[in-house]
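My request is simple: use the sequences and hints to build the entire structure.
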Amino acid sequence: MAEPEQSLLDAFIDVYMSSLKYLDEFVSEPAKEFHLSFEQYLILREIARHDQVTLMDIASQRQVTRSAVSRQIKVLLRQGYLRQQPDENDRRRLYLIATPAGTEAERVIRQRISRRFQGWVDVYGETRAHELLNFIRDFSQVTRLKK
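In terms of full-length UniProt numbering, the sequence shown is residues 1 to 147.
Because the hints were derived from the structure by calculation, they are not lab data.
A hint or two may mislead.
What the hints assert, rightly or not - Simulated restraints, written as ranges between beta carbons of each label pair:
(1) Leu-145 to Glu-104: 40 to 46 Å
(2) Phe-135 to Leu-94: 38 to 44 Å
(3) Gln-118 to Leu-9: 32 to 38 Å
(4) Val-121 to Leu-8: 14 to 20 Å
(5) Thr-65 to His-130: 31 to 37 Å
(6) Val-142 to Ala-11: 18 to 24 Å
(7) Leu-77 to Gln-118: 30 to 36 Å
(8) Ser-28 to Asp-122: 19 to 25 Å
(9) Leu-94 to Leu-8: 46 to 52 Å
(10) Val-142 to Arg-83: 22 to 28 Å
(11) Leu-132 to Arg-62: 20 to 26 Å
(12) Leu-94 to Ile-136: 31 to 37 Å
We put the CB at the ideal spot given by N, CA and C, even for glycine.
As structure tokens, then:
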């Protein structure tokens with residue numbers, strides 16, 4: 001590796017160690033009071049926003065396996081944030097429904113996340129926020145293409 005690339009790699013590693021690896025913690029913090037991960041919150045949000053959501057709907061939308069979603073949903077069910085309701089026409093099909101506790105948790109967490117995000121926009125400005133979002137989208141696309 002040439003010297004300019006090596007120093008760029010070193011700078012990337014420094015930023016990762018000092019900032020990026022804590023991003024998940026920063027994003028997850030608003031859901032901690034409810035004993036939820038950010039992933040679990042996102043699933044709860046999807047269910048609270050839409051009717052007749054199934055485990056397969058979530059797995060398809062996220063492009064992950066059913067078992068990956070099932071593990072997250074089990075936590076939400078166990079904590080009383082979701083319940084399952086069989087389809088009247090096909091009892092094998094189970095709809096996921098937010099309980100009143102789940103609806104309230106989703107509302108509170110959404111408000112906290114919105115305040116945090118607005119804090120970022122206030123500090124960096126809307127233009128930089130859009131630039132960062134576009135960079136992350138590009139990075140994700142390139143990373144997926146290389147797999």
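Results of checking the hints against the structure:
no.	hint	result
1	Leu-145 to Glu-104: 40 to 46 Å	holds (41 Å)
2	Phe-135 to Leu-94: 38 to 44 Å	holds (39 Å)
3	Gln-118 to Leu-9: 32 to 38 Å	holds (34 Å)
4	Val-121 to Leu-8: 14 to 20 Å	violated (28 Å)
5	Thr-65 to His-130: 31 to 37 Å	holds (33 Å)
6	Val-142 to Ala-11: 18 to 24 Å	holds (19 Å)
7	Leu-77 to Gln-118: 30 to 36 Å	holds (32 Å)
8	Ser-28 to Asp-122: 19 to 25 Å	holds (21 Å)
9	Leu-94 to Leu-8: 46 to 52 Å	holds (50 Å)
10	Val-142 to Arg-83: 22 to 28 Å	violated (41 Å)
11	Leu-132 to Arg-62: 20 to 26 Å	holds (22 Å)
12	Leu-94 to Ile-136: 31 to 37 Å	holds (34 Å)
This entry does not satisfy hints 4, 10, going by the numbered hints stated previously.
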